[in-house]
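Work the whole structure out from these sequences, hints included.
These protein sequence lines are chains A and X, in that order. Under this note's numbering, the first residue of the first sequence is numbered 1, with each subsequent residue one higher. Under this note's numbering, the first residue of the second sequence is numbered 1, with each subsequent residue one higher.
Calculated directly from the structure, the hints in this document are not laboratory data. Built from N, CA and C at the ideal position, the CB exists for glycine as well. Just so you know, not all the hints are guaranteed correct.
Here are some of the chain X residues that sit facing chain A, going by a computed Cβ distance under 10 Å [what the hints assert, rightly or not]:
no., residue
1, Lys155
2, Pro166
3, Glu170
4, Gly371
5, Pro373
6, Arg399
7, Gly404
For lysine to aspartate or glutamate, the following EDC-like pairs were computed, each having C-alpha atoms within a straight-line distance of at most 20 Å [claimed, not checked]:
no., chain 1, residue 1, chain 2, residue 2
8, A, Lys100, A, Glu88
9, A, Lys100, X, Glu170
10, X, Lys154, A, Asp114
For reference, the chains in residue letters:
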Amino acid sequence: MAQYMFLLYDSEEWYDNLTADEWQQAMKLHGAFSEAVEKAGARILGGEALERSTTASTVRQREGADPLVTDGPFIETKEALGGYYVVEARDLDQALELAKLCPSGNVEVRPVMDTSEGAGPQA
Amino acid sequence: MSEAVEVTRVVDRAHRESWPTVLASVVRLTRDLDLAEDCTQDAFVQALRTWPDGIPDNPGGWLTTVARRLALDRLRRETNLRRKLPLLVEEPGEVEQPTDPLRLVFTCCHPALARESQVALTLRLICGLTTREVAAVLLIGEATAAARITRAKKKIAAAGIPYRIPADHELPARLDVVLTVVHLVYTAGHVAAGPELTRTDLTGRAIELARMLERLMPDEPEPQALLGLLLMTEARGDARLSADGELVLLADQDRTRWNARLLAEGVSRATTALQRGHGRFALQAAVAGLHVIAPSWEKTDWRQVVRMYDAMMVSWPTPIVALNRAAARSLVPHADLSAVLAELDALSNEPALASYAYLPATRADVLTRLGRPDEAADAYRQAIELTGNETERRFLTTRLRNLGQALGPADRST
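The structure is reproduced here in structure tokens:
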């Protein structure tokens, strides 16, 4: 089994005009996604929704100076990171199949690096 | 023939025929592409050294056994043996797995890899080309080719791209990419970059892969269509070159020189495929079939050819298809050549065709027939500058000379 992080990117405008019903509906979709993952024999190891990117702060490392704290996300894009899951899956094919079921506009699937002894980034 | 020459010849043939089988078998054992490539290469080196003492009855089997033994030895020596051991899912004795090369093809053509990497990786791993050869075939720099191959291999390892033939329900979605890459491998061999017009090692390997896919999915029309298309193209191979080594276009080919056995098989595959569906390879095979059954270039059913391209434009509206459609339209009896020229001019703005010699070559032909030799000559010069193939360049230069025009600045640089 391998671990993959699903990074959920969505338009934040949607949140700004959200009704209570729509929120409930979204939560239901995430519940269904979790069930689908379990059913496929994979596992969700973790995951959270994130507050919108306007609430983010960025700590910027600088050479020869103290780190700089600024307002906002590091990169400005139309779609923002809105949440994540860490999923344990058989291989990339299974991870991608599961990502297709994930209720989000865009899902970036990133393998989690093996940092155990003797392993490390692929040369 | 001296013995050393004989051994080299047998090893060369084994390399052409057995490279993907040997490599794929080692990949199945080790799940490590780089290691598998090294060991496969070393097995061929051992063959060159030991086969002078006696060529084995089954060269492919010999190479597979040696490559797998080398891989296991190397894994045993390495410190990461314990991490890799759980991945070694089978006994080293189990060698025969005819689907191994196909697994490797589906790995190379995984949709999570960039299209350009898929082709480069297939040429490297399945066709056994060196990085330098991959670069030459794809008309890219050697460093770019190396980077694409390395990046793709890294992603396969790090992202856990599996080494398997997709399950039945996944096959249709994954099949299109594989068919496209196999077709590109054939095309790369059919109009090779460099001195020779064709690289038969590439065209042969592409046909082999198409046959494998057809066997894997006998009910799918598109693998059958691709195989039919490739066989019909292959059948015309000898007729593409004149006695003095010049390119002969389909229009001028001696049809008695076409390979009747390959043609018959190709037409039969294409016909079956067309009865089952109208995917883009079925339509392309239909075009090839219309050429094959026509008694001559002039008597080709051009209206029907245009209809096939019309259908292709619906499901697969690429600039190349549009260009082929325009070329076919220009050949319909009493064609409106000015309308075709306008269509070709519009295509000149397509970035995808910016370096494609066939577009100015087609424009040149239409302009010649419209009685506008000066513009035709300019278009030929442009085509000559763009083509990467020596034989094509000579062909276009002859066409230009036939117009009674000087070669001009574009040709002087070559």
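Could you check the structure against the hints above and give me the numbers of any it violates, in ascending order? 4, 5, 6 and 7
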